[in-house]
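So the chains spell out like this:
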Amino acid sequence: MWQELRDELAPLGFELVTVGLDTLGDEGCRRFMEATSGSHPQLLDTHHLLAERFGVINIPSAFWVDEQGQIVRPPEPAPAPPVERAPRPRPEGPMPERFRQMAQEAMKIPNDATSYHEALRDWATNDQSRFALSRDEVLERSRPRSPEVALGHAHFELASHLELQGDHDGAIEHFRAAHELVPDSWTFRRQAWSLEGGPEGPLARFWQGPSEEDPDAWPYESGWLEAVRDVGPENYNAKFKP
Amino acid sequence: MISSTPRVSKQDFRRSTGWELKPEGACRGGECIPLPEDIAVGDDVAIEQIAEALHLPVIHDEERGLWALGPSHRTGKALSDTEAGFTLPRLDGTPFDLSSLRGKKVLVYAWAPY
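Those protein sequence lines, which keep their order, are chains A and B.
For the first sequence, the working numbering begins at 1 and goes up steadily by one.
For the second sequence, the working numbering begins at 1001 and goes up steadily by one.
Hints listed in this document are in silico derivations from the structure and should not be mistaken for laboratory results.
None of these values were measured; they are calculated from a predicted model.
Every clue listed holds true.
Below are the DSSO-like pairs computed for lysine-lysine, each with C-alpha atoms no more than 27 Å apart in a straight line:
1. B/K1104 - A/K241
2. B/K1077 - A/K239
3. A/K239 - A/K108
4. A/K241 - B/K1077
5. B/K1010 - B/K1077
Whenever a hint applies, use it, and build me the whole structure from the sequences.
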């Protein structure tokens, strides 16, 4: 659906740039990127540059860049109609209980797709749009960055680097530090959780939590299901603010 | 920015932080901050010293012999200006520079396979 929107709006001078945030880069993203086969630029972001540079804290999210290369809306949740995402392969046989519960929580996450897409369309089709924010408003709405958060980004990059070097234990150590220092980043946690694997199969990276056989071996404070229940699914994404 | 040596080249430092190291100090966007005299800037610079002078977070993982330099927290916000520049690789490895889309409205969309 993003692709269709892009093709529809492209003649007006609109472009879509999709960026896959994954330490595993090509290996992690390729099958999804090839499935969408768009004519727009599709990029890989191994060390989450978009988090460090612009303050992306969850996916899917997006920011708007105007004709002069200036950000007119900082990163915010960017809901898409579900058909856009490459269909997640269904596992053979019955759905494991954890996935069933994760799907249940995911259903409770509010979706502002209608208001977001009205705003996006308004911006893409008009010279002036009330949804394009002033410079001060863009900076103000971007994520807080304390010395702790900045240090957390350094830990995250180091963790990602160590993972690629094959030092998984070292990566865990620095991912944990990043999680503690940047507690509002879901991508930092989801990235780390997704590298722990799960039950065999294409859904392994979505398990993101302790295994049923050996829950004590889980190296993180929580997993996706536990963390979402903890904050409440209604707080998982910031509400769309015009 | 990750380094396996305690000193980084001025080019690498500029690429990752935006700060250009010149005789008059560290410069970025027309602004120059004089550096303390004990910082020797040749072709390269000591990461921990320059990080301290510019208030950038730095980690030294002694066990693994690595340094990691984090982003600035100078303004207390992730965005300290609205400039949207970045370069990232496409799937085939070729770099893509966002500024090549100047003149268009661009939606930069972050997703992940997890």
